[in-house]
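Colleague: Let the sequences and hints guide you as you build the complete structure.
Below are the chains, spelled out letter by letter.
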Amino acid sequence: MRAYRDERAKSVAILGRVLGDLDLAEDAVQDAFVRAAERWPRDGVPANPGAWIVTAARNCAIDRIRREQTFARKAQLLARAEELPEDEETTIPDERLELIFACCHPALAPEAQVALTLSLVGGLATPEIARAFILPEATLAQRLVRAKRKIRDAGIPLRVPPEHALPDRLRTVFATIYLVFNAGYGPPVRRELCEEGVRLTAVLATLMPDEAEAHGLHALLLLQDARSAARLTPKGELVLLAEQDRGLWNLAQVEQGRHSLERAMSLRAPGPYQLQAAIASLHFDEEVDWAQIALLYERLAGLAPSPVVELNRAVAVGMARGPDAGLALLDEIGGLEDYYLWHAARADFLRRLGRPAAAEYERAVALAPSDAERDFLRGRQNLLATEFEQRDDL
Amino acid sequence: MQYMLLIYGEDSGWKTLTPEQQQEMGAAYFAFTDELRASGKMAAGDALQPVTTATSVRVRDGETLTTDGPFAETKEVLGGYYLIDVDTLDEALGWAAKIPGAAYGTIEVRPVVTDYEAM
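From first to last, the protein sequence lines stand for chains A and B. With my numbering applied, the first sequence closes on residue 1410, and no number is skipped along the way. With my numbering applied, the second sequence closes on residue 120, and no number is skipped along the way.
Please keep in mind that the hints were generated in silico from the structure rather than gathered at the bench. Built from N, CA and C at the ideal position, the CB exists for glycine as well. Misleading hints may appear alongside valid ones.
What the hints assert, rightly or not - Okay, derived cross-link-like pairs now, DSSO-like style, lysine-lysine, Cα gap no bigger than 27 Å in a straight line:
1) Lys16/B / Lys99/B
2) Lys42/B / Lys1166/A
3) Lys1251/A / Lys1166/A
4) Lys99/B / Lys1166/A
5) Lys42/B / Lys99/B
6) Lys42/B / Lys76/B
Said to hold, decoys possible - Among chain B residues calculated to face chain A with C-beta under 8 Å, some are:
7) Met2
8) Thr89
9) Leu90
10) Asp91
11) Pro112
12) Asp116
Said to hold, decoys possible - If you want the ones that stay clear, here's a sample from chain A, every Cβ over 10 Å from chain B, calculated:
13) Glu1098
14) Val1161
15) Glu1259
16) Ala1375
Modeller: Below, the structure is given as structure tokens:
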């Protein structure tokens, strides 16, 4: 299934780039897979299935183009289709990276970027994506059609951006994939989105092996995802990191994540995702090194300043040096008065200092975004705890 | 492909600039236009008179209605345009970002229909 989705994405990328029309590319690739389903069981699987699909898709595209109504478009598309390989011997290049950059183009709205990436690069079916985002299928289908039309009609290129534009464009790609993962991380949890986010970063890291942050984001998602079975109870209640059942952590995946992080750091180009992955990695240690975590948050604040990063730093400092140091830092942060975790952190530090904390807890509960988080905070009111999930929305 | 780069900004924006700033802005537009023309990508481009000179025309039931002013009262108004001929949206966006007015207002980039058969 995964191999099928990879091959499908690769074929769509190649046809889409040559034809300049992703809708047509998708339809032609679909036709080619239908043909394969008819012929392969009868004639045997070809020596190079990927090349077979691309060649068949080329022929299916030509059939479809011949049915085009307008002469000018027909001539233009046919000329483009001729560029595609005619025989199955040609080595098929992997052009998914070009496709990813088109799907995550800043000229598309973020929700369109996410839907397109999941559909074209991830190979998820429209009903699957609609279900994951709790949207009517028709709404999502229309979103996809509009985005593909904009790519075609506005001339969004299927290519890797030039050097000078790459850092900016990569940020959008990373943000889009992180959004996919976070949409699944919940609560409520939607496993298929988390898995897809991890898989997309794996593809990206393979296609851009020299890009440290691609490995950094891959590491971060692997590590966050490794806790997925432990961070919620069967009833859907949040479980503190320190209280999670370590037996439920996916330690093989933690190793994978740490390996990706090492790979990223060996490229000597630090970035926010690598720092967050390093923090996530430290949280898996038997004895959590809070001083080190506080230091990493300080570096993160230098690279990607945000009040949420400052909040996490304050919590880490509180854990390392005591609640009064943490509280002092919390009170220096401006702009989080409506953020439930800021109040929750204040509440915990206040209680640990033996000062009144009930009002702060009430405030946190009132601002919490979901029932799971509200229940969690109510449960904490009588307990000693300050540890939060490391999830910064950069 | 052809793209229309529509330059939107506050209508009174020009008047709020000091004479030096106006001179700088004018020079920046001359330099940009020269660069665009030299690249061979410029099809057309002009500044528009202020929106106070605008007249709107509507024909309803065969009757022509002429009114003073733009079609919609907005804070940012169309002040000028460039029509360029480039290969991709990325190139068009690159030129749009270089327009001096982009630092004050907004440049709307719109692909131009070239294939009327396909519409």
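Colleague: Identify every previously stated hint that the structure contradicts and give their numbers, smallest first.
Modeller: Hint check: 3, 6 fail, others pass.
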